[in-house]
Amino acid sequence: MRGPIVNAPPFQSISDLDIARFAALCSRQTDLADYPSADSVAHNAVLYPCDALLAADPSVVKAELNRCLKDGPGLLVVQQAFPDAAALDRHTALFAEIAAEEKVAADHRGDHFAQPGANERVWNSIQKVCAKDPGLCIDYYSNPVLALVSAAWLGPHYQITAQVNTVKPSAAAQSPHRDYHLGFQDDDLVAQFPLHLQGASQFLTLQGAIAHTDMPLETGPTLYLPYSQLYPLGYLAWRHPDFKSYFHQHAVQLPLQKGDAVFLSPALFHAAGANTTADRDRVANLVQISASFGKTMETIDHDAMLRSVYPVLLDRAAARIIDDAKLQRAATAFADNYAFPTNLDRDPPIDGAAPATSRDLLLQALAARWSAEKFNQALAEYAERRRA
1 MRGPIVNAPP
11 FQSISDLDIA
21 RFAALCSRQT
31 DLADYPSADS
41 VAHNAVLYPC
51 DALLAADPSV
61 VKAELNRCLK
71 DGPGLLVVQQ
81 AFPDAAALDR
91 HTALFAEIAA
101 EEKVAADHRG
111 DHFAQPGANE
121 RVWNSIQKVC
131 AKDPGLCIDY
141 YSNPVLALVS
151 AAWLGPHYQI
161 TAQVNTVKPS
171 AAAQSPHRDY
181 HLGFQDDDLV
191 AQFPLHLQGA
201 SQFLTLQGAI
211 AHTDMPLETG
221 PTLYLPYSQL
231 YPLGYLAWRH
241 PDFKSYFHQH
251 AVQLPLQKGD
261 AVFLSPALFH
271 AAGANTTADR
281 DRVANLVQIS
291 ASFGKTMETI
301 DHDAMLRSVY
311 PVLLDRAAAR
321 IIDDAKLQRA
331 ATAFADNYAF
341 PTNLDRDPPI
351 DGAAPATSRD
361 LLLQALAARW
371 SAEKFNQALA
381 EYAERRRA
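For the record, in the sequence shown the residue sitting at position 272 is 272 according to my numbering, with numbers rising by one throughout.
Possibly wrong hints are sitting among the right ones.
The calculated lysine to any residue pairs, modelled on SDA-like cross-linking and capped at a C-alpha distance of 25 angstroms, are [stated by the list, open to error]: (1) Lys-70 to Lys-168; (2) Lys-168 to Gln-253; (3) Lys-326 to Ala-368; (4) Lys-258 to Cys-50; (5) Lys-168 to Gln-80; (6) Lys-132 to Val-145; (7) Lys-70 to Lys-132; (8) Lys-62 to His-43; (9) Lys-244 to Pro-83; (10) Lys-128 to Arg-28; (11) Lys-132 to Leu-363; (12) Lys-70 to Lys-103; (13) Lys-326 to Asp-16; (14) Lys-103 to Ala-304; (15) Lys-326 to Leu-25.
Cβ pair distances, simulated, as ranges [to be verified]: (16) Ser-245 to Glu-381: 18 to 24 angstroms; (17) Ala-318 to Gln-29: 37 to 43 angstroms; (18) His-250 to Ala-87: 16 to 22 angstroms; (19) Glu-97 to Ile-14: 42 to 48 angstroms.
It is worth saying that the hints were derived from the structure and are not from the lab. The beta carbon of each residue, even a glycine, is placed where N, CA and C say it ideally should be.
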């Protein structure tokens, strides 16, 4: 296989893959001195204590987190990012409740990179939990660590989707892969995208995993290949036998505790590990966070979530038991943060070049203490204005 050269042509194929170049990139070593807010490095991954991360200057630490994901190892761990164990357990119980309901209602839902039945999935877990317990959902998705890392990678506004993955006892490992967007396309289609767009696609999404159970190595925490996100032809490479073999020889695993959160570039080669235990489920809520102007993998009904969370947010704001920072994070988590696409005949810009977003509408309603009925009506009118 010949390797890509400087000023490489924009369209390349499987024949251009270069395992030696890939191996050279993945042989880099992480220097803790490059990440002053971090506590340690383990298997080339950067580890941050939650309290220290949140105490750091946000503008400085966001640049550090971005550098870690983009030019560094491509993954980081925030220890005890979700420290409320009781809230996590309540969330986990709701996941199990939803999964049980869906087993009765429908056939098995497949997994992208594992054999059917090895894992138990709850798709769109953010919206499903929001419908059952909006208060719990507000506290979970307005988490300051989640907001900080998302903003470091995607800017101030983003869209959250989430999927629960429960790896059952004796389940085999996933196949190594890259993730959404182009990680979900076959090689022939990927090759039709110019390299600059293949590279750009990885910056539209942030992958995260929140540990809902302790994850010692025998339960199969995710396998990672640090620095693999740096290989330009990675979306063509991850299925190739040479690259899969390299992954299996050099991938690392990090044991996690309940409440830890891992964040990674979607271009990082990774795979869920094998759960070799006889009786322990490994439960993670996988957050896939998209740029506000990107396309999410799952369809999210933002209006339905806003109707669920608005009465809770209104009550908390009136009782002054939610501060403005958390309110802003919640608004970002549940609303559509981008003004487009819209119908500019009916939804023209008022002050500036873009119309209002549903996030703007939510914050306006809370500031004015609108009733839930008035907010729901305004939300319906907003949706109608945007319709083609």
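Now for the hints, and whether the structure bears them out:
{"no.": "1", "hint": "Lys-70 to Lys-168", "result": "violated (32 angstroms)"}
{"no.": "2", "hint": "Lys-168 to Gln-253", "result": "holds (18 angstroms)"}
{"no.": "3", "hint": "Lys-326 to Ala-368", "result": "holds (18 angstroms)"}
{"no.": "4", "hint": "Lys-258 to Cys-50", "result": "holds (13 angstroms)"}
{"no.": "5", "hint": "Lys-168 to Gln-80", "result": "holds (24 angstroms)"}
{"no.": "6", "hint": "Lys-132 to Val-145", "result": "holds (24 angstroms)"}
{"no.": "7", "hint": "Lys-70 to Lys-132", "result": "violated (36 angstroms)"}
{"no.": "8", "hint": "Lys-62 to His-43", "result": "holds (22 angstroms)"}
{"no.": "9", "hint": "Lys-244 to Pro-83", "result": "violated (36 angstroms)"}
{"no.": "10", "hint": "Lys-128 to Arg-28", "result": "violated (41 angstroms)"}
{"no.": "11", "hint": "Lys-132 to Leu-363", "result": "holds (23 angstroms)"}
{"no.": "12", "hint": "Lys-70 to Lys-103", "result": "violated (39 angstroms)"}
{"no.": "13", "hint": "Lys-326 to Asp-16", "result": "violated (48 angstroms)"}
{"no.": "14", "hint": "Lys-103 to Ala-304", "result": "holds (23 angstroms)"}
{"no.": "15", "hint": "Lys-326 to Leu-25", "result": "violated (39 angstroms)"}
{"no.": "16", "hint": "Ser-245 to Glu-381: 18 to 24 angstroms", "result": "violated (57 angstroms)"}
{"no.": "17", "hint": "Ala-318 to Gln-29: 37 to 43 angstroms", "result": "violated (53 angstroms)"}
{"no.": "18", "hint": "His-250 to Ala-87: 16 to 22 angstroms", "result": "violated (37 angstroms)"}
{"no.": "19", "hint": "Glu-97 to Ile-14: 42 to 48 angstroms", "result": "holds (45 angstroms)"}
The structure fails to meet hints 1, 7, 9, 10, 12, 13, 15, 16, 17, 18 from the earlier list, while all remaining hints are met.
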